[in-house]
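Note that our numbering numbers the sequence shown so that position 181 is 220, with each residue one more than the last.
Do not take every clue at face value.
The calculated lysine-lysine pairs, modelled on DSS-like cross-linking and capped at a C-alpha distance of 30 Å, are [to be verified]:
| no. | residue 1 | residue 2 |
| --- | --- | --- |
| 1 | K125 | K97 |
| 2 | K114 | K261 |
| 3 | K171 | K125 |
| 4 | K180 | K163 |
| 5 | K180 | K261 |
| 6 | K266 | K70 |
| 7 | K201 | K191 |
| 8 | K180 | K70 |
The hints are simulated quantities; they were obtained by calculation from the structure and are not laboratory data.
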Amino acid sequence: AVVSTQSTGIQSNLRMVALTKDENYAAQMRKDLARSRTKEFSAHNSKAHCVAWNCTGKYIASGSLDKTACIQSFKDERLSRDFSLKGHEDAVDQIAWHPTDPNIVSTVSSDKTLRIWDIRTPTKTVACISTKGEVINMNWKTDGSTIALGNKDDLVSFVDYKTHKVLSEKQFDFEVNEIGWNHSDAHFYLTSGNGAIHVMDYPSLQPLLQVPAHTAHCICLKFSPDKEHFATGGADALINIWDAKELVCLRSYSRLEWPIRTLSFNHDGKMLAAGSEDLVIDVAQTSTGEKLATISCNTFPFCVAWHPSQNILAFVTDDKSKHTEKHSRDTDKSTGCVKLYGL
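Generate the whole structure from the sequences, applying the supplied hints.
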């Protein structure tokens with residue numbers, strides 16, 4: 040009985056220590072973020088759809104309706120436009136950097152192609168691969184060997200980075216949304232229109248588990264850099280934070296009113312940014328789900344992305360509200376801008 044009492048006391052003390060650390064972190068981050076500003080940096084001639092940092096945080100890439108991907112360098116809290124990657128014949132819808140090579144970036148477009156670029160030779164593509172249908176989701180395998188593509192017709196394809204060949208593909212009979220590997224690359228995850236997370240063995244793609252996650256469409260999925268958690272966002276406007284090893288939902292919160300469209304963990308996995316069609320971005324503490332900051336936007340955010348080593352959030356938004364589009368022909372100065380928060 041004495042041992043049991045001591046054990047209970049130790050566990051209670053550990054919980055108190057963890058709680059105090061959470062509270063101290065939250066207090067400090069609220070103070071830091073309250074002083075943060077948002078700056079806009081010109082990137083495109085038309086609406087920007089997506090944004091992503093390379094693995095070092097030295098470069099940021101964005102894709103746009105203007106058919107280009109813009110590469111900008113980040114230094115002294117500023118973005119400097121370096122060049123545009125040109126070759127797509129339609130809007131650049133998704134952009135993703137190689138997980139470990141800071142010079143390699145991939146883009147997919149409404150022109151039904153995947154292009155791989157080396158920014159050291161930006162005037163030509165490393166590879167141009169035709170895709171079946173219009174790709175709406177793209178993710179790199181953690182080891183950088185493979186790119187997964189999900190199209191509008193719920194076909195998922197796997198492309199070998201070195202050979203540029205399609206390794207395999209699988210047609211699903213339900214709505215497939217965001218896709219990606221866990222940190223060990225042993226399992227492949229996808230979110231679905233039935234509100235579930237589907238976990239499959241990789242590379243066999245044999246189903247292992249189907250986990251109910253949302254009461255409506257499960258739209259987005261992101262793993263944390265610390266490998267401890269992943270987050271999902273749904274059409275029910277809920278954000279769920281999961282234990283990545285146990286596949287248990289640790290906490291759920293809802294401060295946004297519209298379906299969650301984009302998620303991003305910061306570099307240490309302690310903060311999670313979320314965007315929807317609300318005119319704000321919600322920043323939460325991963326360990327509690329409590330609000331740390333609310334970032335105001337003039338129009339709703341398409342994509343959010345934390346810097347890989349600093350608490351700086353990049354995001355791109357819709358250019359104009361419906362009201363503005365109907366009543367003004369003036370050029371919006373923020374058209375095609377990449378925005379940085381945390382400076």
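Right, here's what the structure says about each hint:
no., hint, in the structure
1, K125 / K97, "holds, 21 Å"
2, K114 / K261, "holds, 27 Å"
3, K171 / K125, "holds, 21 Å"
4, K180 / K163, "holds, 24 Å"
5, K180 / K261, "holds, 13 Å"
6, K266 / K70, "holds, 27 Å"
7, K201 / K191, "holds, 26 Å"
8, K180 / K70, "violated, 36 Å"
Checked against the numbered hints listed earlier, the structure breaks hint 8 alone; every other hint is satisfied.
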